[in-house]
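K.L.:
As a plain string of letters, each chain reads:
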Amino acid sequence: MTTTTLPNYLEDKQGKKGLMVWLTTHDHKRIGLMYLAALSVFFIVGVLIGILMRLELLNPGKDIVDPQTYNSLFTLHGVIMIFLFVIPGIPAVFGNIALPLIIGARDVAFPKLNLFSWYLYMFGAMLALGTLLVGDGPPDTGWTFYAPYSVKTGTNVTMAVFAAFILGFSSILTGLNFIVTIHRMRCPGMSWFKMPLFAWALYATSWIQLLATPVVGITLLMIAVERMLGIGLFDPALGGDPVLYQHLFWIYSHPAVYIMILPGMGVISEIIPTFSQRRIFGYKAIAYSSLAIAFIGYFVWGHHMFTSGMSGPARVIFSILTFLVAIPSAIKVFNWLATMYNGSIDMKPPMLYAMGFIFLFLIGGLTGLVNGALAADIHIHDTYFVVGHFHYVMFGGTGFAFFAAMHYWFPKIWGKMYSIKHATRAFWVLFTGFNILYFPMLVVGIMGMPRRYYDYLPQFHLPNEISTVGSWITVLGLVYMIVVLIQGMRKGEKAERNPWHGLTLDWQTDSPPTLENFEEIPTVTEGPYEYK
Amino acid sequence: MDEQKHHIVDYLTNIKVWVALAVLTILTVWVSEFNLATLTVAVALSIATIKAILVLSYFMHLKFDSKILIIMVLVTLVIFLSMIIFTFFDYLYRK
Numbered sequence: 011m012t013t014t015t016l017p018n019y020l021e022d023k024q025g026k027k028g029l030m031v032w033l034t035t036h037d038h039k040r041i042g043l044m045y046l047a048a049l050s051v052f053f054i055v056g057v058l059i060g061i062l063m064r065l066e067l068l069n070p071g072k073d074i075v076d077p078q079t080y081n082s083l084f085t086l087h088g089v090i091m092i093f094l095f096v097i098p099g100i101p102a103v104f105g106n107i108a109l110p111l112i113i114g115a116r117d118v119a120f121p122k123l124n125l126f127s128w129y130l131y132m133f134g135a136m137l138a139l140g141t142l143l144v145g146d147g148p149p150d151t152g153w154t155f156y157a158p159y160s161v162k163t164g165t166n167v168t169m170a171v172f173a174a175f176i177l178g179f180s181s182i183l184t185g186l187n188f189i190v191t192i193h194r195m196r197c198p199g200m201s202w203f204k205m206p207l208f209a210w211a212l213y214a215t216s217w218i219q220l221l222a223t224p225v226v227g228i229t230l231l232m233i234a235v236e237r238m239l240g241i242g243l244f245d246p247a248l249g250g251d252p253v254l255y256q257h258l259f260w261i262y263s264h265p266a267v268y269i270m271i272l273p274g275m276g277v278i279s280e281i282i283p284t285f286s287q288r289r290i291f292g293y294k295a296i297a298y299s300s301l302a303i304a305f306i307g308y309f310v311w312g313h314h315m316f317t318s319g320m321s322g323p324a325r326v327i328f329s330i331l332t333f334l335v336a337i338p339s340a341i342k343v344f345n346w347l348a349t350m351y352n353g354s355i356d357m358k359p360p361m362l363y364a365m366g367f368i369f370l371f372l373i374g375g376l377t378g379l380v381n382g383a384l385a386a387d388i389h390i391h392d393t394y395f396v397v398g399h400f401h402y403v404m405f406g407g408t409g410f411a412f413f414a415a416m417h418y419w420f421p422k423i424w425g426k427m428y429s430i431k432h433a434t435r436a437f438w439v440l441f442t443g444f445n446i447l448y449f450p451m452l453v454v455g456i457m458g459m460p461r462r463y464y465d466y467l468p469q470f471h472l473p474n475e476i477s478t479v480g481s482w483i484t485v486l487g488l489v490y491m492i493v494v495l496i497q498g499m500r501k502g503e504k505a506e507r508n509p510w511h512g513l514t515l516d517w518q519t520d521s522p523p524t525l526e527n528f529e530e531i532p533t534v535t536e537g538p539y540e541y542k
Numbered sequence: 009m010d011e012q013k014h015h016i017v018d019y020l021t022n023i024k025v026w027v028a029l030a031v032l033t034i035l036t037v038w039v040s041e042f043n044l045a046t047l048t049v050a051v052a053l054s055i056a057t058i059k060a061i062l063v064l065s066y067f068m069h070l071k072f073d074s075k076i077l078i079i080m081v082l083v084t085l086v087i088f089l090s091m092i093i094f095t096f097f098d099y100l101y102r103k
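Chains as they are written, first to last, in our numbering: chain A, 11 to 542; chain B, 9 to 103.
In short, the hints are calculated from the structure, not lab data.
Don't take every hint at face value.
Said to hold, decoys possible - Below, a list of computed lysine-lysine pairs in the DSSO-like style, where the Cα atoms sit at most 27 Å apart:
| hint | chain 1 | residue 1 | chain 2 | residue 2 |
| --- | --- | --- | --- | --- |
| 1 | B | Lys75 | A | Lys204 |
| 2 | B | Lys75 | A | Lys294 |
| 3 | A | Lys23 | A | Lys431 |
| 4 | B | Lys24 | B | Lys75 |
| 5 | A | Lys426 | A | Lys27 |
| 6 | A | Lys294 | A | Lys204 |
Said to hold, decoys possible - If you only want the chain B side, here are some residues facing chain A, beta carbon under 7 Å, derived:
| hint | residue |
| --- | --- |
| 7 | Thr21 |
| 8 | Met68 |
| 9 | Ile87 |
| 10 | Ser90 |
| 11 | Thr95 |
| 12 | Phe97 |
| 13 | Asp98 |
| 14 | Tyr101 |
| 15 | Arg102 |
Unchecked claim - A short, non-exhaustive set of chain B residues, derived as facing chain A with CB atoms under 7 Å:
| hint | residue |
| --- | --- |
| 16 | Thr84 |
| 17 | Met91 |
| 18 | Phe94 |
All figures in this text were calculated on a predicted structure; none of them were measured in a lab.
Heads up, the beta-carbon is just placed ideally off N, CA and C, and yes, glycines get one too.
Next comes chain A alone, as it looks inside the complex (with noise of 0.2 Å):
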């Protein structure tokens, strides 16, 4: 393929001038561009309020904050992390850049569709942070807004949920728009199984979006109508049942782990092969391994539940289906090893997040198998080995995904290259500081810490403590990460179209795309990781 001479999508202004050649956009790029913008605002205040809460746990006792305000911090710290970057997070913004390019397609199906998902999703932020300014003070509930509290609480708990309500309309658009984009608009040539792994991901999650966002948006209603109308759905005061809202709220909150972590094992089902310069090992088995785990994550919801007072043959069958789902999850994972085997290895910055990702979810997918065996979670129910786990997986595997999409489309989104020593040692840090992070608080969940205090005993000192200072460490890791990615996007090289050497479409346009994407839509002939 030649290089255009058509302007870039970063430079073609369509008439208009300055943000609103932004804010009026139907071009997929920037819409993702525009995601990633908020999404990184909101991440660095999630990170900040993680730090604060890592300080005030430094000693035991008061530091910093009295425990009302750290109810409230950790509460933030959820909804922020979960309904504001995590969620949304790669399908949002590396979706909607790579989904079109990678599928051959000029745009998404529904351009006007998606500009208005993320309009959704803004003013859902705005309400989750205006629940900070207004009222009586941000919710204290946990991100879960479990009831009876979330209905007795006088914090702005009916604010916080409407916000979570208006994320989820995001997201199903968001998922409706692009199933229709892989159904309608795959390039000739491409069939279902020639299309990049990243795309199945995508579709999975997609169908997550679609079907199990609409019972959080009812159930978080429902909250509200009880608040606010005194109806009895939750409250056992009021003739309701609290363990009725776990279950509908986790309905959808255990698939939503899935729509955050299977975009993530899209992308490091691209990076590997690349990296590796080899034909991905087993590609239909980790294109139905998607499938796999979004059909089976609709049916583990339960074992958020063990403790509530659940009955005991449910509690069984959740914890045997959380067993089977572990199998689809390993199947990528042995997969992506078999790839790298006997492989040419780049250790590039990508790579080395996608080799971070492998071992970090590693450690929380099997410390995940820990939480689903009954007994076991009897034990460490509501301790800081449950908070060490899903870290593993949100933060080691969603983020570290998240990290390593943002160095793999770098050059293809800005057409330039970042310091590639620089990335490198950035991951070093972010990497050590990470496990010095979250690796003690499994330690600490272990000896019996409970979550979500302000305070602890004497015992639990040390391994806080270590915890802390790898907050520290992990914040330096991420600065530093940032500051790499800035310099690259402000003063970098003049990146190539395919500094990587992939083979799928994305990386056969130039760097950055025309506004189209391609001067002619491709024909593909043969499937996406052709190397050897």
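Given chain A's structure and the hints, the job is docking chain B onto it.
P.N.:
Same frame as chain A, but now just chain B:
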């Protein structure tokens, strides 16, 4: 393209479906008068499912649409049904 062909449902069929929906709604109200214990939800949901299938098939033209759309709706139904069944593993056996 095949998918773009429009099937027109005649008025008589639409009226029949409408009458069926009305009868099923009356049935839902009537059956709620009886104490069916653990079957209460199952009966209510069964009637609601029949109504949903009628609406999907005739008013939303699914019956005349491509197979892939029918499969998608069926998968959705299976997932929804499974969610209800798994929730009832808790409620039916709770002490």
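K.L.:
Now tell me, hint by hint, if it's right for this structure.
P.N.:
Against the structure, the hints:
In summary, the hint linking B:Lys75 to A:Lys204 is supported, as the alpha carbons are separated by about 22 Å, within the 27 Å threshold. Of the supplied pair hints, the one linking B:Lys75 and A:Lys294 holds, its CA atoms being roughly 23 Å apart against a limit of 27 Å. Taking the CA atoms of A:Lys23 and A:Lys431, the gap is about 34 Å. The hint is violated against a cut of 27 Å. The suggested pairing of B:Lys24 with B:Lys75 holds, with an alpha-carbon distance near 25 Å, which does not exceed 27 Å.
Straight-line distance between C-alpha atoms of A:Lys426 and A:Lys27 comes to about 24 Å, which keeps the hinted pair within the 27 Å bound. Restraint check: the Cα-Cα separation between A:Lys294 and A:Lys204 comes to about 10 Å, which is no more than 27 Å; the hinted pair holds. The restraint placing B:Thr21 at the interface with chain A is violated, with a minimum CB-CB distance near 29 Å, outside the 7 Å limit. With a least beta-carbon distance of about 16 Å to chain A, the hint placing B:Met68 at the interface is violated under the 7 Å criterion.
The closest approach between the C-beta of B:Ile87 and any C-beta of chain A is roughly 5 Å, which is under the 7 Å cut-off, so the hint is satisfied. Contact between B:Ser90 and chain A, as hinted, is supported at the beta carbon level, the nearest pair being about 6 Å apart and thus within 7 Å. Nearest Cβ of chain A to the Cβ of B:Thr95: about 5 Å, under the 7 Å cut. The hint holds. Look at B:Phe97: its Cβ gets to within about 4 Å of chain A, closer than 7 Å, so that hint holds up.
The interface hint given for B:Asp98 holds, since its Cβ lies 4 Å from the closest Cβ of chain A, which is under the 7 Å cut-off. Nearest Cβ of chain A to the Cβ of B:Tyr101: about 4 Å, under the 7 Å cut. The hint holds. Among the interface hints, the one on B:Arg102 holds; its C-beta lies about 4 Å from the nearest C-beta in chain A, closer than the 7 Å criterion. About 6 Å separates the beta-carbon of B:Thr84 from the nearest beta-carbon of chain A, less than 7 Å, and the hint is met.
For the restraint placing B:Met91 at the interface with chain A, the shortest Cβ-Cβ distance is roughly 6 Å, inside the 7 Å limit, so the hint holds. The interface hint given for B:Phe94 holds, since its Cβ lies 6 Å from the closest Cβ of chain A, which is under the 7 Å cut-off.
This entry does not satisfy hints 3, 7 and 8, going by the numbered hints stated previously.
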